[in-house]
Amino acid sequence: MTLAVLLIVLPLAGAILCFGVSERAAKTVGLIASLAVLAVATLLAFEFPAWTTGAFWPNEEGWKLFTAFGVEFRLGTDAVGVLLIVLTAVLIPCSMLVSFSAITQRQRGFYAQFLFMESAVMLAFLARDVILFYIGYEFTLVPLFLIVAIWGGHDRRPAAIKLWVYSFVGSVISLVGFIYLAAGHATDTGTPINFGVQTLVEYGQTLPASTQWWVFLAIMGGFAVKVPFVPVHSWLPLAHGEAPTAGSVVLAGIVIKIGQYGALRFAFPMAPEGALALAPFFAALALIGILGMSLVCWVQNDVKRLVAYSSIAHMGLALLAMFAFNVVGMEGGILYMVNHGLSTAGMFMCIGIMYERYHTKDMEVVGGLMQRMPIWSVFMVFFAMASLALPGLNGFVSEFLCLLGIYTADAGMKTGFPGILGPTYAFLAALALVLGALYVLRMLQKFVFGPLREPSHGHGGHDSHGPHGHGNHAAHAIHDLNFREIVAMAPLAIACLVIGIWPKPILNVIEPCAANVVAPYVKLIERDLANRPRAAADVDAITATTAPTAAKGAIQ
Amino acid sequence: MNTMTPAILAATTNLGPKFMLIVPEAVLFVGAVLCAVMGLSHVRAFRALVPWVAVVALIATFATMLKVWTPEAATAAQLPMPMLGKYIIALLCVVGVGHVLASIGSVDRAVERQVASGTGAFDPVRVIQGEFYAFILLSLCGGMLLCHATDLVWLFLAFELCSLPTYVLVAIGRGADRSMEAAIKYFFLGAMSTATLLLGFAFLYGATGTLELSAMRESFQMQAQTGGIGSVAIVGMLLAVIGICFKLAAVPMHFYAPDVYEGASSPVAAFISFVPKVQGFVTLIVLLGTVGWSANGDSSIPPVIAAVLWMIAVLTMTLGNIGALLQRSAKRMLAYSSIANSGYMLVGILAGPTIGIDATLLYLLTYGVANLATFGSLAAIERNGHEVDSIDDLAGLRVRAPMVAAALAIGALSLTGIPPLLGFWGKLDLFVASAESHQRTLLVIMALNSGVAAFYYLRLVAMPFVQEATPRTQGVSPVPSVWPRLSALIFAAGCIALPFFANQLKGEAAAAARTDLDKQATVAQSVEK
Amino acid sequence: MTGIATMMNMINTINSISIAAAPAATAATTAPMAPAMPANIQVTLALAIILFAIGLVGFLTRRNMILMFLSTELMFQAAALAFVAFGRMWMDLSGQLMVIFILTVAAAEAALALGLVVLLYRRKETLSSEAWAELKE
Amino acid sequence: MGGTEGMSTVAIIALASAFVTHATAHTPTASMEPALFTTLALALGDGAHAVVDGHAADAAHAAHAASGYADVGPLHFVKAVANTDFAWLKWMLLAPLVSVVLCGALAMFKVKSRMPAVFTVAAFGLSTAMAIALYFQFGPTLFETHAPLTVPFMDWLSLSWGPAPFQSFTANLGFYIDGISMLWMLFVTVLATLIALYASEYMESDLKAGYARFFFAVSLFVASMLILVMSDNLVGLYLGWEGVGLCSYMLIGYYATQPGATAAAKKAFIMNRIGDLGLALAIFLIWTNYGTVQYDSLFQAIATTGSEAVQGGWSKAAIPFLLLLAVCGKSAQGPLFTWLPDAMWGPTPVSALIHAATMVTAGIYLLARMAPFYTVQAIGGEWAETALLTVGWIGCFTAFIGATIACGQFDYKRVFAYSTISSLGYMVMGLGVGTAFGGVYYVFTHAWFKALLFLTAGAVMHGMAGQVDFRKLGGLLKVPGFRLTMICMLLGCLWLATAPFSAAAESKDIILLTALTSDVQQVRWMGWIGVLTAGITAYYAFRVWFRLALGPVKIEPGADQHADHGHDDHAHAADAHSTHKTDAASHGGSGFHPHAPGLRISLVLTLLAIGSVLAGLPSYLEHSQGFNWIQRFVENSTAKIRAGDGAEHALILGRDAHSTLFIIATSVVVAGFLLAWILHAKNRALGDRMRAFMLNTTGLKWIPLGSEHGWYVDQFYNAIIGVPAWLGAQLLAFTDRFVIDGVVVAAVGRFPGFVARVFQPLYTGTVQSYALTMAGGIGLIVAWVVWVWLSGGAS
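As you go down the protein sequences, you meet chains A, B, C and D in turn.
Under the numbering used here, the first sequence has 374 at position 364, and the numbering climbs by one with no breaks.
Under the numbering used here, the second sequence has 222 at position 229, and the numbering climbs by one with no breaks.
Under the numbering used here, the third sequence has 231 at position 127, and the numbering climbs by one with no breaks.
Under the numbering used here, the fourth sequence has 400 at position 363, and the numbering climbs by one with no breaks.
Simulated from the structure, these hints should not be mistaken for lab results.
Check the hints yourself; a few may be wrong.
Unchecked claim - Each computed PhoX-like pair below joins lysine-lysine, with the alpha-carbon atoms no more than 25 Å apart:
#1 A/456 x D/127
#2 D/147 x D/245
#3 D/245 x D/509
#4 D/245 x A/456
#5 D/591 x D/515
#6 D/719 x D/515
#7 D/591 x D/509
#8 C/240 x C/228
#9 D/127 x A/514
Chain A with its partners taken away, still in its complex shape:
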């Protein structure tokens, strides 16, 4: 039972255990199980040998259960996967800690769902087989649906149903893409069908451009629902608006990341020509997401919807940077995934804690909470500044690298990674810096600073909605954060600060993985640029000797 398999089985065992114990004991059992998973995850991180080489580890061939279907139980992940695993392992206990006092009914089911989700997410991040990834990716849907549908807010059912249908259709479309690729591989090479990621990646890159176009559209289209890209994003604000605090934290911190991880691990390597051809289309969608959603955030009054829209904008920038097809952009995109997971999860926790006390998310009704809850407002301002990309915090490092990546995409051949995104994308994307400040500061001004405003019916009054309302919450004074809540949020805050000030270790880890993903694109773009008339300046740059050495340099 190697570490990787333990990482998948342990949360399952924990979940089943959660069902066994009494309602009151459920939360402690849940917490212990998730902390155990955290321990295993950190152990895996320490034992992980390929921190600097970007290679995949542990490539163990596990149980031979589904070989007839071409599905090998191959587990393996590279540095980015381990980072996301550790992020998940940290977020789940934190989200549980935050919801101890928030959730009072069906607690056994609540904590079990989180552990089910955790095991599914771990499987998704560890899978080296496309269908194994699909199993993990798809199975996160059931616990997430139940969390939003049972413990959610006022009109949680439509939100949960929309979440379910959107994600299911999205993942089925990706599955069609995978199967089309695997079947093509099986018929061409005559071998029985095989869903190994490596085989599909090698086969995918040999396909003619037109088929790669379709394959990329299918796979990326499926993940676009989860990222989410603009036209198919409307499930996210609804789901966040209705999910319980812990649900929002997990949804923003982990579930969105699987979509992006899928795009990074499967869509880009498997159909590079398709990615190149569709890059302008998806980049334009990302841009609309960044600018449009930031403006929409600016006028929201429901703070959870505001943060939800803001994560669409952030993810848009991360994906745009990935479409720049160079190491800086890809690295910025990957780091953005981790940073967004930390800062947005933190913000949702703050909002959740406030919601627990005031039972409203409307910025018009509640405000100036600095007088009432100073420590809470320190955390709130800290996470807001992290998501605002303030230098010195983690948001800045990733946003700066993303923008730099988009710029290098236009810098012609000398950087060794010529991109196809023109300068217009770069300048419009840079507006994200200012637009990002607009809505976050408006929220802070209404929520944290300014005169104290509290809901008219007094705080702690019985809340009219939701079965999980807090019963006859005695009208007691609003108290600031208690120790449990601080412990829940402290690790995220510390992580934000450390990554902001000392990003070197994480950047070194991500760089080889980013280089591997981007490697096939250099030759393709060079070929495109060579047969497309370019400005005089770039033509002689192409003849410069830098390009080939760069490509070689990047690959080893």
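Chain A is fixed; fit chains B, C and D onto it per the hints.
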């Protein structure tokens, strides 16, 4: 004027090995008779034993099948698809046990209660439990015999043996008017479709002059090489396909399904949503085996029939799925879902012999198990004495019947194709089959359909767990007898556990799909698996 | 009436095809030598098809359940006749063999059908199938 | 409410649209570029101003005439020397950070003590000592070897994906010490220490509420300012740049309970963020063109890439303009100046430290540091000229506008705020017209006397319970305890008005001298506008002082929690029995007696006064020592290409430059003084009558109204950008919520159901209907087969 064609003579001589193979069916037949007889006995204990006799008979059949059905015996009997029988018998036995358990306690409940309380004297005429289980076993026996068919007569007889008992089951399943109406509809439309099937057989006979399937295949091969299969054969095949579509509840012939499944009692509905499908698909595979596939070498059925089947598959999937969206009654919704699943399985048939048929056979298994989990859990609950029908009755089931709610949810999730469960592997196999046989449009249509399906199956998951109990659902409670709940639970557990045996199941299905042409391959493959 | 019209042209088309193509098909096959299609086989075949059509139309138009059953029986016999016709064409007895089995099965169906009809009649005192239309969308 | 946000997009849209139209053209032809960029420059620099200036149109032609202006010949920068024994320099940065941590801890645990002030003053004192030690240790070596010092501190961002030059990106936290950075380190730390001392008493009344939070923010501010000044690469500068922006946000919004303060803080942060956008874009373009952001390698790269190699096309030419946008954002110039007056919501020490002395000068530091980008050698001929001119015009335009608005204000803190904007305009103009030395010298002198002015204003406000309207005060010279404050304010006003022989005069006149003697006609115009502005400055400087100091004694105390402006809730600390909330003095002022500034405040005021006087020393001692102390700093830095102050013998109006300038300047200042004396000291009624006259004559009405309301710039931005952007966002939110989510998704969701409803009538329930539909289905299939047969003949 030659009095007896050589083919008929040949058939009568090598009856020995064929008889050996039908021993399992014989055991089942005996079991059926026993059930019928015991059902009429005055002793209440004997009557209570009837379902258990049925179960024992099924288990015995399974055992004898394992012993009797060896590859050598199968090839000796020159069956068109030697190992198909073994797979189908195993499948029907296992799911048959589930049906029997699901219907324990639901038949003759009123009569037994009167007899137990002494208010009414026992009257053999009013008791139907015996016939009920007998007919179940007979129908299963018919389904199993289909696989032994080497000529059209046997095929037709087994076909009828399988479908006639189902008409009766629908009628006697539940005393209410609704089941009567369902029975009459089912019977008449069934009879019409069987007549069409028979006319199709007639034309096939007309085109080839023989009833022997192997002889037919050779003559079709001849016709294929010399300028294509005759138009009489094509018309015959079409009519046969249309006849079979009724059994599969495929599009032009699916209109009966919602009413009949709603009318019949839940265990019977579970039965008639699964066994006729097995019957239809086996007959279709046998017929297509003669007309197409191995017949003209490049394993493709005549384009006309392929086009018709393609249209039927797409229409069935789509109409089945979107039809289910509007339903408020759980059984009608599951009826539409069974129509849609037939559509998926037709895609397997279209994908051709090597990869398609074993995908369909495997999906039959996954559908059977998931179907019993869902229909079984409906059978296991009642609302103050009456059958639970509308979805609103399921609200908050988690509180009143946690086990049944779990079984229903797991069954629904497996039907949707949520990965770790068995349904996903069936669907994956179908997706791969259609992709490998270059049916790209079918692949996309199937994906979209399963997207739509995810929406209405979600209701079966959300109602029991997410919805709060409403005053209307106060009366909902598990059925007095424990067995329906247990059977639903067992099959729900099957949905979760069976994927761990996915390799063996796929191996069995693949073996079953091998036609007699590569005899040696069959023997080698079954050993290696 | 339109239903019947479609039925008629459908039969003619099958008729024309089978008659026209049959000889060609039979001539070509080298399997057991099928004799040329003598005129009377065509006639019996046409009769069989017409019978089938009548049965079908009867089933569609009649409301009385027993008459509906009779029309399905008629369709069965039409198929049997087709078997006999083709048997005669191929000078092969297995067609007759099939007919015998068809008769037995038809008998079984008859028993079952009448049982059901009696059951329904006892319930609603009417033989019309219109009475039984509660189960609908 | 959309004002600040509105403002945020004005520069962006102008900037983005220019670039977008330009970039998509992809292969810019030579002719198109200059025209486009001049329009951009004009739009950026002096859009509104163009109307007044009249002859901006022929700016391009005049530019070509003068050659020496932007073309300074081949550039040469001395390679930096890495010297590890200056490693102790990192403590200069870490000291304030330690104070940040300590103050933060005290704030978190709500400890009520004076320790935060002690930590902060101690930390700043340590940094000052180190700055002075650095000057004495490294100064001499710098002055003769001219080689800047680099000290590595901590690695931050460093990526490399290939061996070649353009394939790595390093931006670590290191120090790059040369002339201007040393100068900035000196006066920032000295002023910070004094002001922190001042604030320790000034903020005492907030001991319980936000004392620790205040000093947390001040320490973080100085730390960020030092990072900005000492950093050895552009990204480090960006870190400091945004850090000071954050601290100004926190300090302006210090009185968090007042909506006005938080709105002002938000406005300041967003306007700074627009500047930061310019800086970020500049950094990206610099990296894509030169492959490095480290100062040392960057300047070597600029020096080596000769002008002929300047084919970076538009991306190189855009760098100076983007840097200018950054300067406008941070130093409140050009279109982005409206946040500084609102920043007066913050406590006065904040205004003194951040919005007068240190943060706002960061823009000038950037211009001085990045001066090489404004030369023909770096970015090609036709753009360097325009870039420099734009800088000059923006400086001149802001100075003029700032001065005119200051004349109309009645709140003396806002007068000083507008005077800061005006002085910053002068500094930017200094760099624009070609004398970095003049600009930097004026920064040095201005920092001292402006801090003095603000602190005296703070002392007056502190004493008068938050009263900021000088019409409600008067004759403070005669009020006991305030005499020292008023004398210091007089000194400050004299320096502000550039009284002859004052330190300010020495520095400002260099700027005007270079401008007037330049051979570029436009620059000469800037010079004359500068002289006119100097006169206006003199007028409003003394207007404030006469109103406050002279005339009958009049003290109307502002309400403690004054709704409008009074914002330091002061109470008689000594008066034990009074609680914070209730202020003993009722509005009527009957029992109110002004609270004279304490010892620490008076000490700091006198020190600053002495400092302002001594700020003139570099030029007083110039003749004896042979060199100007500040000039030597500038010459030993990257701004040295601008250090030279033009030909000695140049002529103004035909006569010797120095003497004529002296005469003109003094006459203008005296005129301003006399005008202020007449209107505000001797005969105040005349002043009021004149204002009333102007108000009701339609012809002249716009002058008083315009200047009192800051030429309605805020309202203008709100109207053309703020409101439309807000409406656009509402529309977007509506479409997203109801159209995409409501209509489109619902339609897609309901389509299957709709199709199902079409087929629903087929299920009528009667056997016959089913049989009919089935037969129909069979008929369709057979018909289709026959049709295929007839057409395709498929067998």
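Would you check the hint for residue 127 of chain D and residue 514 of chain A, treating anything up to 25 Å between C-alpha atoms as holding? Given pair residue 127 of chain D, residue 514 of chain A holds - Cα atoms ~20 Å apart, limit 25 Å.
Given the hinted pair residue 245 of chain D and residue 456 of chain A, is their alpha-carbon gap at most 25 Å? Judged against 25 Å, a Cα distance of about 24 Å means the pair holds.
Going straight from one Cα to the other, do residue 456 of chain A and residue 127 of chain D come out at no more than 25 Å? violated (39 Å)
Pair hint outcome, residue 591 of chain D versus residue 509 of chain D [Cα-Cα no greater than 25 Å]: holds (7 Å)
Keeping to a limit of 25 Å between CA atoms, is the pair of residue 245 of chain D and residue 509 of chain D held or broken? violated (31 Å)
Can you confirm whether the C-alpha distance between residue 591 of chain D and residue 515 of chain D stays at or below 25 Å? Holds - the C-alpha atoms of residue 515 of chain D and residue 591 of chain D are around 10 Å apart, at most 25 Å.
Taken at face value, is the distance from the CA of residue 245 of chain D to the CA of residue 147 of chain D at most 25 Å? Satisfied, since the Cα-Cα distance of roughly 8 Å is no more than 25 Å.
Given hint residue 228 of chain C paired with residue 240 of chain C - CA-CA distance at most 25 Å: The hint holds at about 18 Å.
Take the C-alpha atoms of residue 719 of chain D and residue 515 of chain D, compute the straight-line distance between them, and say whether it is at most 25 Å. Cα-Cα ~17 Å, so holds.
In summary, the structure is inconsistent with hints 1 and 3 from the numbered list given earlier, while agreeing with the others.
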